[in-house]
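> Single-letter residue listing:
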Amino acid sequence: MIVGALLLLSLFVFPLWNISLLAPQYPEPIGMDIWINKITDHNPNDIQNINILNHYVGMQDIPEEMEEFRIFPPVVITMAVLGVIFGLIGNRKLYLAWFIIMAMLGSAGMYDFYLWEYDYGHNLKDTAAIKFTDSEGNPMAYQPPLIGSKTILNFKAISSPMIGAYLMFLGMALSLYAFFKGKKEAEHG
Amino acid sequence: MKSHIKYLTIFTIAVLMAFSCGQTGGTSGALGGDLASRSFVPPGEHDEFYAFISGGFSGQLAIHGLPSGRLFKVIPVFSVDAEKAYGFNEETKPMLETSYGSIPWDDSHHPDLSQTNGEVDGRWCFINANNTPRIARISLSTFETEEIIELPNSAGNHSSSFVTENTEYVVAGTRFGVPFPQRDISIDDYKGNFKGAISFISVDQETGRFNLEFQIMMPGFDYDLAHPGRAASHGWMFFSTYNTEEANTLLEVNASQNDKDFIAAINWKKAEEYIAQGNFTEMPSRYAHNVWDESTQMATSTMKTSVRVLDPEKCPGLVYFLPTPKSPHGCDVDPTGEYIIGSGKLAAAMTAHSFTKMLDAIENEKFDGDAYGIPIINYDDVVAGVVQQAGLGPLHTEFDDKGHGYTTFFISSEVVKWKVGTWEVVDRQPTYYSVGHLMIPGGNSQKPFGKYVVAMNKITKDRYLPTGPELCQSAQLYDISGEKMELLLDFPTVGEPHYAAGCPADLIKPNQMKFYPLEENNHPYATKTEADARVERDGNEVHIYMTTIRSHFAPDNIEGIKVGDKVYFHVTNLEQDYDVPHGISMIGANTSELLIMPGQTETFVWEPKQVGVWPFYCTDFCSALHQEMQGYVRVSPRSSNIGLSWSLDGE
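Quick mapping for you: the protein sequence lines, in order, are chains A and B. Under the numbering used here, the first residue of the first sequence carries the number 1, and numbering increases by one thereafter. Under the numbering used here, the first residue of the second sequence carries the number 1001, and numbering increases by one thereafter.
Where hints are given, some of them may not hold.
[To be verified] Far from chain B, some chain A residues (derived; all Cβ distances over 12 Å): (1) SER107; (2) GLU185; (3) GLU187.
[Said to hold, decoys possible] Derived pair list, reagent style DSS-like, types lysine-lysine, alpha-carbon separation capped at 30 Å: (4) B:LYS1461 x B:LYS1326; (5) B:LYS1304 x B:LYS1326; (6) B:LYS1447 x B:LYS1073; (7) B:LYS1304 x A:LYS125; (8) B:LYS1447 x B:LYS1461; (9) A:LYS156 x B:LYS1447; (10) B:LYS1451 x B:LYS1528; (11) A:LYS38 x B:LYS1528; (12) B:LYS1484 x B:LYS1566; (13) A:LYS156 x B:LYS1514; (14) B:LYS1402 x B:LYS1461; (15) B:LYS1073 x B:LYS1514; (16) B:LYS1484 x B:LYS1447; (17) A:LYS38 x B:LYS1514; (18) B:LYS1566 x B:LYS1528.
Since the hints were made in silico from the structure, they are not lab data. All C-beta atoms, glycine included, are put in the ideal place defined by N, C-alpha and C.
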């Protein structure tokens, strides 16, 4: 349980998520890495280059500052500390509680990510140089996929978890494992 | 019965004809298809080798791929290039400075590549200017000319620029004897008064920076070509000479009288000893040294004032002459360093000297007199063999990695393959036409890559679609991996290709600069963000600090310029992506466009002569909104009170 909780701290060391854009004229995809407290270039200058491409259709620049960057770190630390305390207490029901809280927070995080993506892809400047419409005549949206891949104009956008997310999932899985193992021991004992 | 025989005969003849026709047609058809596939590089794939082919009288250096022959870039070296603003923008103007002032053109001849331990290493390419003697260094990370050094006391810088096996020196000889020191004397006083300077330019192994370490003041023969010793003969440099007659008029006759001229063998390790001992003369001279600084993105030109000169008469053991028939052009050393091949261009045979025999002859003083105090080694005591009756007018030899030499023959217009050691001719193939030099990648090294040879032709006549009286020169690619050479491809070149160098692309590709990092741009007029874009006046001088990024200039509306101002456009390309240059050109500017790579700053000067509103635009198709990338400058009368103002989108 303690190990699982501590794995959360890896989110300060590794990025959580990645969105990459692929096109023939970009033999090396351009992408951004999303952390709990920042968004960074996947390769040097990628964000500047994504912003340059997106400005033609009126998309906003990728933000350097977000409310989430201030909220996520304390939440992660709190959950890690809580997990360690629960582990020290050794009550397996607390393990399950920790897992459920994490799952809820994770879902909330994904929903928040979706909302940001929606805004990023829909909130376009009126002065955009290029205004595409869909088959029904509505303004085209450029929302990246939550997870998986999607074709946006000449780009294929791929959204996928990175090592930070995987370690977080592993931590959550370990808490469940601790819960079930404890349960078994309790039954046998 | 008779008619049967008749029919049989006709049938037999018909079969024979069909067979022979079929065979002829079949061979050329199948061969043609096969050949095409062997020089074909499919779309999107890369060539196996880089070829650096001299531009001759264009003064530049062309970059081709092999085996496709495709042309990728023409690097401006000794001639201005309006396309790249070379010699036109403020940053590169100093590159073309010489002791004679700025010179917009030269004649580039012999590229050579840097080496480490006798193998090509992919760091730099060097090339000589023949007319106003200079040597240039080109970075193979940026494919830009980074340095040019002028050579004093030299004229017709032809036997250049050849690199020793750890790039200790780039060595340069002189074709013309000239008075040393230069002075007002009768041309008839040639003999003894005219000298040929051989220059040794050291190369800093970290930065590549040149220094003219010393010159050896040789007799006034014509030094034609050179190559370094390698392996055992490392430390020696070999030069072919002609006009050992020291004629000063009608050289085509008067310089062709001696049965033998010389290959000069220079022991440069010995030269270093003499320099270290102080056994040299410090000669006042003036020569420009032009250096491009990648950090400030500017060239500076410095005038040097002296050079150390060694006199071979006073330096025993420094130089020996190897008698070689007849007006030898090429002077080529095989990959083992043992054989020095002199291609007597007025003879039918080539002479191979042995380095081992040369050392023995020197030790045992097997000399046949001297010339200006320089010992002449007995011909028979240095020759290892002769390639007999190989062709007419041998010019230049390169080697493969299987013990063969490949020699061009100008007069008989062919490439001849022969065996090193036995001196037997193995194969010959025609060239179209009148071949000069040839090149095997890694040719001037211990490790040639003997897959292809490129022959460079002086004349093309009917080989391509005609283009009026002036026709292209050409290169021809032969596959030399088998016993017989096979002509694969024929492609036109830039200017007249005198020589080339080549190496595997994998040596160069990993080191490519993709763009200039903005944070490392220390140009004094760089503008790192749009917020810093501005216009400043200093008397009649106006400095515009401008930026470019897809797809606009900042600022793009400028007012307050006056007739008679000298306006400097300092333009920084803020892009930090591969292959996103921007250009800029101003209506009526008496200069070229700028072509600015990502992260770079370049400057052009505009002196407006008329009142009005004058447009400028981006000249490199940068994006979907490239055609919108433009701006205006308002020019007011000299007496106007309108102050400077500038904006982008009204801000």
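> Looking back at the numbered hints, which does the structure fail to meet, lowest number first?
5, 7, 8, 9, 10, 12, 14
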